[in-house]
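Listed in order, the protein sequences are those of chains A and B.
Here the first sequence stands for residues 502 to 713, numbered as in this note's numbering.
Here the second sequence stands for residues 502 to 713, numbered as in this note's numbering.
It is worth saying that the hints were derived from the structure and are not from the lab.
It is possible that some hints are incorrect.
When chains are identical, the list treats them as one kind, so a pair holds in a single copy or across two.
[Stated by the list, open to error] Mimicking SDA-like on lysine to any residue, the simulated pairs with C-alpha atoms at most 20 Å apart in a straight line are:
#1 LYS531 to ARG634
#2 LYS627 to GLY598
#3 LYS595 to ILE700
#4 LYS627 to ARG690
#5 LYS636 to SER508
#6 LYS531 to SER652
#7 LYS636 to ARG675
#8 LYS531 to ARG625
#9 LYS589 to GLY527
#10 LYS636 to GLU677
#11 LYS531 to PRO549
#12 LYS531 to GLU563
#13 LYS636 to GLU538
#14 LYS636 to PHE530
#15 LYS636 to ARG690
#16 LYS627 to ALA597
#17 LYS595 to ARG625
#18 LYS531 to LYS595
#19 LYS636 to GLN615
#20 LYS636 to GLU601
#21 LYS636 to ALA515
There are 2 protein chains.
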Amino acid sequence: MEVAHISRIILASASPRRQELLRMLGVDFKVLVSTFEEHREVDQPLSPAELVMATAQGKAEEVFRITSAQAETADDLVLGADTIVVLKGVCLGKPAGQEEARRMLQALSGRWHQVFTGIALRHRCKSVTAYERTKVHFRSLTDREIDAYISTGEPMDKAGAYGIQGIGAIFVDRIEGCFYNVMGLPVPRLALLLQEYGITLPEVKTLVRTGH
Amino acid sequence: MEVAHISRIILASASPRRQELLRMLGVDFKVLVSTFEEHREVDQPLSPAELVMATAQGKAEEVFRITSAQAETADDLVLGADTIVVLKGVCLGKPAGQEEARRMLQALSGRWHQVFTGIALRHRCKSVTAYERTKVHFRSLTDREIDAYISTGEPMDKAGAYGIQGIGAIFVDRIEGCFYNVMGLPVPRLALLLQEYGITLPEVKTLVRTGH
Numbered sequence: 502m503e504v505a506h507i508s509r510i511i512l513a514s515a516s517p518r519r520q521e522l523l524r525m526l527g528v529d530f531k532v533l534v535s536t537f538e539e540h541r542e543v544d545q546p547l548s549p550a551e552l553v554m555a556t557a558q559g560k561a562e563e564v565f566r567i568t569s570a571q572a573e574t575a576d577d578l579v580l581g582a583d584t585i586v587v588l589k590g591v592c593l594g595k596p597a598g599q600e601e602a603r604r605m606l607q608a609l610s611g612r613w614h615q616v617f618t619g620i621a622l623r624h625r626c627k628s629v630t631a632y633e634r635t636k637v638h639f640r641s642l643t644d645r646e647i648d649a650y651i652s653t654g655e656p657m658d659k660a661g662a663y664g665i666q667g668i669g670a671i672f673v674d675r676i677e678g679c680f681y682n683v684m685g686l687p688v689p690r691l692a693l694l695l696q697e698y699g700i701t702l703p704e705v706k707t708l709v710r711t712g713h
Numbered sequence: 502m503e504v505a506h507i508s509r510i511i512l513a514s515a516s517p518r519r520q521e522l523l524r525m526l527g528v529d530f531k532v533l534v535s536t537f538e539e540h541r542e543v544d545q546p547l548s549p550a551e552l553v554m555a556t557a558q559g560k561a562e563e564v565f566r567i568t569s570a571q572a573e574t575a576d577d578l579v580l581g582a583d584t585i586v587v588l589k590g591v592c593l594g595k596p597a598g599q600e601e602a603r604r605m606l607q608a609l610s611g612r613w614h615q616v617f618t619g620i621a622l623r624h625r626c627k628s629v630t631a632y633e634r635t636k637v638h639f640r641s642l643t644d645r646e647i648d649a650y651i652s653t654g655e656p657m658d659k660a661g662a663y664g665i666q667g668i669g670a671i672f673v674d675r676i677e678g679c680f681y682n683v684m685g686l687p688v689p690r691l692a693l694l695l696q697e698y699g700i701t702l703p704e705v706k707t708l709v710r711t712g713h
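Here chain A stands alone, though its shape is the one from the complex (with noise of 0.2 Å):
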């Protein structure tokens, strides 16, 4: 496999939980966040899988223009990642307001749901981008709960008017796909991307030292 050059690994997100999984990782990286237009419209042409890959490598694109332009960072290897809720193949965005989060969350309880995530790697030399899908489960919801739960405020920035990572997990009661993705990085998925590039993971610099 011909190897590429990498001089840094350059994450083009600034969500604090994708940073977490690449520290887990031992993977050595900077951050560089992209103003890149995330695009959730109901309507649009792209299937979901379609969305995050086109939406991972436009982040991904933003950031490498600005490194890949100076010497020192030319060979830089930007990652750029982008998630979504689907119900019932309809894209969730944000929640306009408190009533359209308790619609959203009323639609999902008791019902299963997908996540995409779309990863994207570019490099001069080589880019590369895949997706992967997580079905996800909500148990059912009580009106009450729901009420609760908007109180909190913490639907109110959530795509699909939840957080997996917050409160929104009591609720999330089985899934079926990788584990990662659902967080918003798919770490198995990510680890063959990288394989691509000559990186080939665990390295044995690394060493996380975290229980099961």
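Following the hints, put chain B in place on chain A, whose structure we already have.
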């Protein structure tokens, strides 16, 4: 439902991940680590579910005996938890050396195994115990990947010779069941058990600001 008076919630576990998950729920708690000995013998007569529940109860009971002896902490609610890895009906303990770690990882490679977590709540008025089971799949591993992983040192103090919260994450390409169970604390199940004590999550004071 009868509501027990709860003065404090005590987590009888040193696990940083369990503490992180409880914080994520906005639960106020204090940590008092149990010295209860975990039993991991392959030949024991208990099923995996019985084993994790018994150990969770043992941990909770030990800490409860300490706190309940004093009037001001007699109303503490103590949470114990225990997590094990089971492959083909055999409970995998910590590998005794690199050779055993290699055998365990080879056995896990390309197969499904199960993760069991027992949780036990102990209070002066009421005790409840439950468990959750999640299926976990490893992608096929090469000998090179296994050797590199062993070289990181991570497998040596882990049941099943891997840490899902560490580099081991790159091996886990699929799970079926509760997401948080694999992290050591089945959060939706815990939320239901807390309702037995009149504690309904989310409480309005809780506000965790994290993204998907």
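The hints, checked one at a time:
In this assembly of identical chains, LYS531 and ARG634 lie within 20 Å of each other by CA distance neither inside one copy nor across copies; the values are 26 Å within and 37 Å between. Taking CA atoms no more than 20 Å apart as the test, LYS627 paired with GLY598 passes in neither setting, with 42 Å inside one copy and 40 Å between copies. For a Cα distance limit of 20 Å, the shortest separation of LYS595 from ILE700 qualifies neither inside one copy, at 36 Å, nor across copies, at 29 Å. Taking the closest pair of Cα atoms, LYS627 and ARG690 come within 20 Å of each other only inside a single copy of the chain (17 Å); across copies the shortest separation is 45 Å, beyond that limit.
With identical chains, the CA atoms of LYS636 and SER508 are never at most 20 Å apart, being 36 Å at best within one copy and 38 Å at best between copies. With identical chains, the CA atoms of LYS531 and SER652 are never at most 20 Å apart, being 36 Å at best within one copy and 25 Å at best between copies. Taking the closest pair of Cα atoms, LYS636 and ARG675 come within 20 Å of each other both inside a single copy (8 Å) and across two copies (11 Å). In this assembly of identical chains, LYS531 and ARG625 lie within 20 Å of each other by CA distance solely inside one copy; the values are 17 Å within and 51 Å between copies.
Neither within a single protomer nor between protomers do LYS589 and GLY527 lie at most 20 Å apart by alpha-carbon distance, with minima of 37 Å and 31 Å respectively. Within a single copy, LYS636 and GLU677 get their C-alpha atoms as close as 5 Å, and across copies as close as 9 Å, so both meet the 20 Å cut-off. With identical chains, the CA atoms of LYS531 and PRO549 are never at most 20 Å apart, being 28 Å at best within one copy and 42 Å at best between copies. Within a single copy, LYS531 and GLU563 get their C-alpha atoms as close as 15 Å, which meets the 20 Å cut-off; across copies the closest is 45 Å, which misses it.
Neither within a single protomer nor between protomers do LYS636 and GLU538 lie at most 20 Å apart by alpha-carbon distance, with minima of 26 Å and 37 Å respectively. For the identical chains of this complex, LYS636 and PHE530 are neighbours neither inside a copy (29 Å) nor across copies (32 Å), given an alpha-carbon limit of 20 Å. Both within a single protomer and between protomers do LYS636 and ARG690 lie at most 20 Å apart by alpha-carbon distance, with minima of 16 Å and 19 Å respectively. Neither within a single protomer nor between protomers do LYS627 and ALA597 lie at most 20 Å apart by alpha-carbon distance, with minima of 39 Å and 43 Å respectively.
In this assembly of identical chains, the alpha carbons of LYS595 and ARG625 never lie at most 20 Å apart, being 35 Å within a copy and 43 Å across copies at closest. Taking the shortest Cα distances, LYS531 and LYS595 never come within 20 Å of each other, neither inside one copy (28 Å) nor across copies (34 Å). Both within a single protomer and between protomers do LYS636 and GLN615 lie at most 20 Å apart by alpha-carbon distance, with minima of 5 Å and 19 Å respectively. In the homo-oligomer, the alpha carbons of LYS636 and GLU601 never lie at most 20 Å apart, since the shortest distance is 23 Å inside one protomer and 35 Å across protomers.
When the C-alpha separation of LYS636 and ALA515 is checked against a cutoff of 20 Å, the pair qualifies neither within a copy, at 25 Å, nor between copies, at 31 Å.
Checked against the numbered hints given earlier, the structure breaks hints 1, 2, 3, 5, 6, 9, 11, 13, 14, 16, 17, 18, 20, 21 and satisfies all the rest.
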